[in-house]
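J.: Sequence:
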Amino acid sequence: MNLKVVNVTGKCAANFRIDSISIGCLIVSAVENGSEEMNSTGSVFVKLDGRKLFLNAKVCSLGYFKDKLGNAKCSKCPGKSFTDTTDRKSCKCDREFFRSPKENISNNCTGRPSAPRHLRNLLTNQTTVSLTWAHSHQRGRTDLFYEIECKILCREDQQSCSQDCGSQVLFLPRQGNLSLTRVVVTNLFSRTAYRFKVYAKNGVSAMAEKEGFPSRFAKLDVTTLESAPEQPMVTVKRIDSTSVTVSWILKNGNGGILYFLVTLPQIRRWLR
1 MNLKVVNVTG
11 KCAANFRIDS
21 ISIGCLIVSA
31 VENGSEEMNS
41 TGSVFVKLDG
51 RKLFLNAKVC
61 SLGYFKDKLG
71 NAKCSKCPGK
81 SFTDTTDRKS
91 CKCDREFFRS
101 PKENISNNCT
111 GRPSAPRHLR
121 NLLTNQTTVS
131 LTWAHSHQRG
141 RTDLFYEIEC
151 KILCREDQQS
161 CSQDCGSQVL
171 FLPRQGNLSL
181 TRVVVTNLFS
191 RTAYRFKVYA
201 KNGVSAMAEK
211 EGFPSRFAKL
221 DVTTLESAPE
231 QPMVTVKRID
241 STSVTVSWIL
251 KNGNGGILYF
261 LVTLPQIRRW
271 LR
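For the sequence shown, the UniProt record's numbering begins at 1 and goes up steadily by one.
Source of the hints: derived by calculation from the structure; they are not laboratory data.
Beta carbons are placed, not taken as given, at the ideal position from N, Cα and C, and that holds for glycine.
Be aware that one or more of the hints could be misleading.
[What the hints assert, rightly or not] With a Cα cut of at most 27 Å, we get these calculated DSSO-like pairs of lysine-lysine:
id: 1; residue 1: K68; residue 2: K89
id: 2; residue 1: K92; residue 2: K66
id: 3; residue 1: K66; residue 2: K76
id: 4; residue 1: K102; residue 2: K210
id: 5; residue 1: K68; residue 2: K102
id: 6; residue 1: K89; residue 2: K73
id: 7; residue 1: K151; residue 2: K197
id: 8; residue 1: K80; residue 2: K68
id: 9; residue 1: K73; residue 2: K102
id: 10; residue 1: K219; residue 2: K151
id: 11; residue 1: K66; residue 2: K80
id: 12; residue 1: K102; residue 2: K89
id: 13; residue 1: K80; residue 2: K92
id: 14; residue 1: K89; residue 2: K210
id: 15; residue 1: K80; residue 2: K102
id: 16; residue 1: K251; residue 2: K80
id: 17; residue 1: K92; residue 2: K76
id: 18; residue 1: K66; residue 2: K89
id: 19; residue 1: K102; residue 2: K66
id: 20; residue 1: K197; residue 2: K219
id: 21; residue 1: K92; residue 2: K102
id: 22; residue 1: K76; residue 2: K102
id: 23; residue 1: K151; residue 2: K210
id: 24; residue 1: K73; residue 2: K92
id: 25; residue 1: K92; residue 2: K68
id: 26; residue 1: K251; residue 2: K237
id: 27; residue 1: K92; residue 2: K210
id: 28; residue 1: K76; residue 2: K89
id: 29; residue 1: K210; residue 2: K197
[Said to hold, decoys possible] Derived CB-CB ranges, DEER-like:
id: 30; residue 1: I105; residue 2: S179; range: 24 to 30 Å
id: 31; residue 1: L225; residue 2: L250; range: 17 to 23 Å
id: 32; residue 1: D221; residue 2: Y64; range: 33 to 39 Å
id: 33; residue 1: P229; residue 2: L153; range: 20 to 26 Å
Construct the complete structure from the given sequences, taking the supplied hints into account.
T.: Here it is as structure tokens:
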């Protein structure tokens, strides 16, 4: 029997277009005198002399995906992801779960870490605050890190609040990309109220922020101690035989000083 190979166009399965990367749309080579049919699941068969040649082109079930043409089996969606009724070529992440730009469709979707736990102050003096906290819950990732924010709180006599702490402030070992659970903040102003925020971040935090889900944080308000006042420069002027004027100035101003105490030691004069 002389046979001739001809091309037969298969039918598209539901929810697929012929111009897309479609799993259900195929062009198969069949043999003349054979017949072609497609079953309800989207599989294409070619019949020849009672034999079936089978090409697997099944549409993936919900919760499964296949991103390439061919006979490969559908893969189950990675953790925290799903497929919908119109697209089975990849799995979308659940709400508040994401993939980083370096991850592919086979990776699990992961979430933002929880806020740092048990934030507290270990030490405070006139210019330095030492903070410590417990690690956040990582939500399926291992690239956890922290960033520190420092703000000056509003005083009663100030109009503006929540100012940045200033470029003179030092964070030890550093302010961002911090893997440790402690930081020392120094070069602060004395007798000043500060608010510290410790943000927990990971590899999907940037993606989450773009989608409107900010990084979680813990906050702590700390007031630095008063510094010892400097020695004033005193000037005494005589007014008359019974009176003098005493004045003084401070190089760094009077900020933080509540009052001054002026004393006059007794001076005894002996007459000969």
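J.: Could you tell me which of the numbered hints above are not met by this structure, giving the numbers in increasing order?
T.: Of the numbered hints, 16 and 32 do not hold.
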